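A.B. asks: Each chain, letter by letter, is given below.
There are 6 protein chains.
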Amino acid sequence: MKFSKDTRPNGVADKETAQLLAEALPWIKNITGKTIVIKYGGAAMVDPKLRADVMADIVLLKTVGVNPIIVHGGGKDITKAMEDAGIPVEFKNGQRVTTDEGMDIVRTILAGKVNQELVRALNEHGNIAVGVNGVDGGTVIAEPESKELGRVGRIKRINGQLLQDLIDADYIPVIATVAIGNDGGYCNVNADVMAGQIAAATGAAKILFLTDVDGLYLDFDDKDTLVSQLSLEEAGKLIESETLSSGMIPKLRSCVTALEGGVPSAYIVNGTIPHAILLEMLTLTGVGTAVYADDANSSIPVGNFASKLLENK
Amino acid sequence: MKFSKDTRPNGVADKETAQLLAEALPWIKNITGKTIVIKYGGAAMVDPKLRADVMADIVLLKTVGVNPIIVHGGGKDITKAMEDAGIPVEFKNGQRVTTDEGMDIVRTILAGKVNQELVRALNEHGNIAVGVNGVDGGTVIAEPESKELGRVGRIKRINGQLLQDLIDADYIPVIATVAIGNDGGYCNVNADVMAGQIAAATGAAKILFLTDVDGLYLDFDDKDTLVSQLSLEEAGKLIESETLSSGMIPKLRSCVTALEGGVPSAYIVNGTIPHAILLEMLTLTGVGTAVYADDANSSIPVGNFASKLLENK
Amino acid sequence: MKFSKDTRPNGVADKETAQLLAEALPWIKNITGKTIVIKYGGAAMVDPKLRADVMADIVLLKTVGVNPIIVHGGGKDITKAMEDAGIPVEFKNGQRVTTDEGMDIVRTILAGKVNQELVRALNEHGNIAVGVNGVDGGTVIAEPESKELGRVGRIKRINGQLLQDLIDADYIPVIATVAIGNDGGYCNVNADVMAGQIAAATGAAKILFLTDVDGLYLDFDDKDTLVSQLSLEEAGKLIESETLSSGMIPKLRSCVTALEGGVPSAYIVNGTIPHAILLEMLTLTGVGTAVYADDANSSIPVGNFASKLLENK
Amino acid sequence: MKFSKDTRPNGVADKETAQLLAEALPWIKNITGKTIVIKYGGAAMVDPKLRADVMADIVLLKTVGVNPIIVHGGGKDITKAMEDAGIPVEFKNGQRVTTDEGMDIVRTILAGKVNQELVRALNEHGNIAVGVNGVDGGTVIAEPESKELGRVGRIKRINGQLLQDLIDADYIPVIATVAIGNDGGYCNVNADVMAGQIAAATGAAKILFLTDVDGLYLDFDDKDTLVSQLSLEEAGKLIESETLSSGMIPKLRSCVTALEGGVPSAYIVNGTIPHAILLEMLTLTGVGTAVYADDANSSIPVGNFASKLLENK
Amino acid sequence: MKFSKDTRPNGVADKETAQLLAEALPWIKNITGKTIVIKYGGAAMVDPKLRADVMADIVLLKTVGVNPIIVHGGGKDITKAMEDAGIPVEFKNGQRVTTDEGMDIVRTILAGKVNQELVRALNEHGNIAVGVNGVDGGTVIAEPESKELGRVGRIKRINGQLLQDLIDADYIPVIATVAIGNDGGYCNVNADVMAGQIAAATGAAKILFLTDVDGLYLDFDDKDTLVSQLSLEEAGKLIESETLSSGMIPKLRSCVTALEGGVPSAYIVNGTIPHAILLEMLTLTGVGTAVYADDANSSIPVGNFASKLLENK
Amino acid sequence: MKFSKDTRPNGVADKETAQLLAEALPWIKNITGKTIVIKYGGAAMVDPKLRADVMADIVLLKTVGVNPIIVHGGGKDITKAMEDAGIPVEFKNGQRVTTDEGMDIVRTILAGKVNQELVRALNEHGNIAVGVNGVDGGTVIAEPESKELGRVGRIKRINGQLLQDLIDADYIPVIATVAIGNDGGYCNVNADVMAGQIAAATGAAKILFLTDVDGLYLDFDDKDTLVSQLSLEEAGKLIESETLSSGMIPKLRSCVTALEGGVPSAYIVNGTIPHAILLEMLTLTGVGTAVYADDANSSIPVGNFASKLLENK
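Those protein sequence lines, which keep their order, are chains A, B, C, D, E and F. Residue 0 is where the first sequence starts when you use numbering that gives the first Met the number 0, and the numbers rise one by one after that. Residue 0 is where the second sequence starts when you use numbering that gives the first Met the number 0, and the numbers rise one by one after that. Residue 0 is where the third sequence starts when you use numbering that gives the first Met the number 0, and the numbers rise one by one after that. Residue 0 is where the fourth sequence starts when you use numbering that gives the first Met the number 0, and the numbers rise one by one after that. Residue 0 is where the fifth sequence starts when you use numbering that gives the first Met the number 0, and the numbers rise one by one after that. Residue 0 is where the sixth sequence starts when you use numbering that gives the first Met the number 0, and the numbers rise one by one after that.
Read the hints as simulated data drawn from the structure, not as lab findings. Some clues are possibly wrong.
Since copy identity is lost for identical chains, a pair holds within one copy or between any two.
[Stated by the list, open to error] Okay, derived cross-link-like pairs now, DSS-like style, lysine-lysine, Cα gap no bigger than 27 angstroms in a straight line:
| no. | residue 1 | residue 2 |
| --- | --- | --- |
| 1 | K14 | K33 |
| 2 | K91 | K28 |
| 3 | K222 | K79 |
| 4 | K14 | K28 |
| 5 | K48 | K75 |
| 6 | K79 | K146 |
| 7 | K75 | K146 |
| 8 | K14 | K48 |
| 9 | K14 | K222 |
| 10 | K236 | K91 |
| 11 | K28 | K48 |
Just so you know, these numbers come straight off a predicted model, no measurement behind them.
Build the full structure now, drawing on both the sequences and the hints.
C.D. replies: As structure tokens, then:
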């Protein structure tokens, strides 16, 4: 029964809800004030409804004090622009062959179109996002990786200062994968790799790779081989074992890069699951594959929270 | 499938969980850094299991940045101590008749026994709670309310400085209802009333009354008359209408006192429901009866959170 | 005669140098810690040598504690991209008719190409510049000005927070004239107008319009009619008099906008003169046309500097 | 052509001016916030016009954020006062023989007359200068150097705290060469020596000796032997070589003292050249003789200023 | 002769007063901003007049910037409450045998009655005192000392954070000797011992034991054997020598505990002497027995105060 | 009986001492952190033993947190110097006729000799004092009072900034009565008057005039007419009544000046009484004549100190 303006649904919250909240609070505490890098891509970036949901979740995280950094590429828009301009589209080992002429399209589309549109979508929730590319503040320096790939770049140095300054001023940086070439040109950098290195450079607490699959499969064709959790050491061995399906290797390698750079944990998550980011960060079960740098980071934040709180006094 | 140390349950978090988390985050944001007064009493204080659960929830709130203040009485321990000392136990209009001799027992048992035990229970979670009574820091000044009630006191002045200082130093103040009498003696103050006035004096964002019933019933014998939500104005009219069952009036009056003192919302909640505090504070549905000072306070904190976040920049 | 490593030219600095330095110091003091908006365009932006010089001067200003904000358009690159895409290029009243399709090119080229290249040129001097467009941080909101001009926008609101945050973090913001349309699209905004409004919104001390002419000519064909200095009132009258050549009106109008928004002085300067920015800001003579909000702002900062210095103590 | 109140000279600033300003800015950046000790003496202190010019230049430096400390003696006034009092005036090795009676005159005239008049001249520009002598704040402790020189003192200890406190409060300290004698009396200290030691004690960035000659001459009679620049090591060798004219030795020795005490560079400058201080500090050419502690200090502050600026972030 | 409102007594202050003030000032300087632990007990706590005087002196010390912490037991009230409850009162080696049942009375009476009354008496002078017991903020952890003494506790750990937080918020903490038992129960701790350990844990500058005798007597029956001053080493030997009367040993041992924990000096003082605390802290003579950690701490703070003052600059 | 190194006198401090200390503490609290102006002159400045005592007391006050400013003249030294120079010494209405030639002697002797010697005497206690005259920091501006008195000046403006800056840096300013003349010359200002105005300009809490008499006598020849205390209003009437002996009027007038300028209380004290400054400031009785601005300032600082202490929380 309700008086006055009707704002509360009938009924009372149930027991499961109560339990869930009690479980979620320590995880929230766990990431408040921390930097979280989100590699954004796949269907979650292309599908308008999924995109809006992901944006809302990222803003929610910001709202409760988490500091997200978004790293994105923009394959489809680039391909289309190159086709419009009559430049041949070619990939080698999963990397886009990038001529000088192609590079101009890559950097312009990434920074001027894809990035701008993501920033705008986030800013529907307030003046909260700022677009950045590797040229701004000298953030990413790269060098051409090989002759045959052209302007595809290997990262030489990440300068995390601008990203940190934006976080300190309470913005969400959205970073496009354009880099300053150390030879006077620009470079096109793989987004997974750049996300991993940015996480390391900004001292992020976690990195999430949003993909179109549910996590790491030992055998991609056998859905029962989805891995829930593995250690840095195990991830290393798995990469060397050459038993993984090829699509999984770059993501797992980027997890390893981030962890070796000091990031405590990395996650491969299916971005098409509603609220996948929240579920992975705020529940014990999680939704994808977690890679932990060491046992301490894999332990559940339950128990004596208060004493942890007061330890810093 | 899991590698390494097994810390994540099998399966993935489901859709309902996702939805619930997305809903809870704005509420968490909403109370972070705020002071919440919890009037603690009834079965939730006596039953060991319930007490432990309530303590754990209060520590969880503290952990995510909420500042709880606990206000408690201690009826049963006092009655027992008075009986042991051979002092007659008598109540008038729901208030304990308190002779000078009885007052010495009241203040000693409240501050030296009940308060100490609550502080100890909270401190199982860390060095987080500090016991206080109205004498400490000159926090509560009262005067005897009537001849026939003896040392039962009407509050003259609340000095919230010590409570604020303890909160600033990151403690949970636990306050027993002993007051300094303005005539040289001590006074015994009603816990609901004192909680309401402390909430007003400390600028609390919410006050929760933990009781043994599910909220406010218009007709106590008809469980269908449970009120989910009402306005300050409606609460005032309800009290004047004299249709409420007598046990409900003091609690509703204390809600009104707190709201008139500037507290935006008050809640009457069944403390025996598991995690009742979390459910009331972190879900839209809630579990008991909410009284709102005005419409703005009753509105759901959804929508453009980010812009609120940035407003303070 | 020199011993050791030869780092000082022979001879001694002469009297004119001495006099000049003594004159420049008060002007330097005058702008230290102040925000200066520079509308960048024309030959100074296109010619590689001139561009490098302007960049160096801007970095020098930053070095001595001035906070420059650069505002730029990108006419030539846009025209070329539109032609490449087969979109007709048309101007009305000096404004580019911008269809929805054209707008996608405008915003992509401005933010992804022109802006990025300016940022890169500045960053040759260090990690000092950050590219921004009106979408970032919700900086510029506009609405379509007229049906016939399409996405050409009239500014509704400037939010200077992000620019100020970047300045506080010691960067040079370089801002492209893309705006968020209040109808869900994007808008193309005149760079002179946007520069004027940004100067007003950020509390800039000065605004400089870099052009290809030496300043304001009363009669564009008579080089003797170059105006050295005029007041806000005179500028207003001049615009109304309709005697100015049409190319001069928008610039003078933007000066007026900035001054009416609280900027003390505005300058129209020939960007092709070497070190024009330094000359205009650090010498009494100046190089172009100065418009002053009032007499106080036009007075020369000579005389009792120290007392001014100490006034703030 | 000018409208309104006529404050700008006709014409435009020329190219040489532009070049000079561009060169001066890095030097200004280089000394902003730094302490500069100026040993003041010779004609520049006695001639009213020169004195006023020097004072103005020092105030200008203060105005742009440099922190000057002035050290002065007062030979002529002291000689006159001693003659008036009928005390014989005698010098040995360039030092004034100072009896106890003479010392009373020295300290009174230096602190009460010469110092006061310099302070007053600076304060024509604002409430900016404060007179100090070695007794104030226990700044200079000395001991008599030899029996035959009487109260001429060798410095035992400089306590730079008061000078630093005055600088922190934004004053220009003007210090007279009176010292506390460690035997209960006062001492008369050589101004060049005291300036050098004060520069060392206050961590000054530069020390300038204002003299009546153009710098260091290897052969005082051959104007072509003026040295533009030499290293600390070369200065040491030159002093030992005994080839210098005697008047040059104490100044060069004081340069060496300052450099050995950690001051990066010292200058011997002709105070009668207009704006000599500005020219020496703000131009590459300079006007006198520079002695550098090491190569790093002699290098010209050109190049990548911005990155230096940002290094401290 | 007086005009106006008569507030000054006739006559002028005499020479002895002048001398005394001059002597007291250095001692005042010496303890300003320092923490002083006062073990409160004996007649000075029981006699109403003496108690009021001691409270006033403690508030005076607080007023001039000293930070007192009061530690108290409550023997007489406990004995009475146990007798009222029919629990046998028994002592072994000067310690109260404490059954579980007795412990409930001990902790309730100490924290709920004695502590509350002391806090109230101090708060007659303002809202200045806060009652604390070892449970609050997890301040004191103990373990049962021996089977035969029951709940009498040996201190395992002092956590001084809460006491420091209260001092930082400008309160006088008044602490009752209840401790958290490390076995789930509570413990009763000797007040002298707890005072000594609290002094060590809070970095106190001094600890005073208020007793009913004039200090330490070598032979309790011979008043001429009162010791004015001894070193930590001498105190240690005296305890080992077993020549002291038994009542003196625990106090001297607590002095030693405090000094070994880093407290520079400890005092055994007769609390029945008017203003004994002030006399011991502010005069050279003192009133009781002083134990010094080393010679430096025993030296009189006379001489060059100013230089000490300025040393910290 | 003493062990170890003998640092405490035998015996115990007596009751009178105890009482006195208890009385003095509130007064100490009362002036801690306050500025106190001391007009220094008469025998207390000339007699070496008295001077050393006064210096020690002033340093003691500084030591406990009081901020003294000393204002002094230097009649005898000036007279002697004028006689040595053969300049006639003449007084009119108690003021020294000061020719231009005489003024050079006045300012030189005051600032260069008397001031320096006082600073040195204070600095025997540490690096604590700094000499100042009205020229430093533009502290005192005056204009010639009358033709016949020559350079005797009437104060036009006091700029208290430098004195405050020195106090903030923990120095004792010692100020000589030389002023900047507003006509290009210097002025000689009466020390009582300047002390009063400096007290007003620096927001001093008290001003003390050290003289050679015990205070204000209504009839100088009748020692029984010494006034202990009077109000500002009474002081005004007394001056107008023309019944005071002439030597008393200027001091009383300076008291009035200070009080009218906002100083709460002024004192005329005999500087030859040992520790007169301490007795006047730290005892109820005082030693001289007190003038109070209003009743509130005359009340004794006893009672509820703590609440005053906590009021500022």
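A.B. asks: Run the structure past the numbered hints and jot down the numbers of the failing ones, going up.
C.D. replies: Hints 2, 3 not satisfied by this model.
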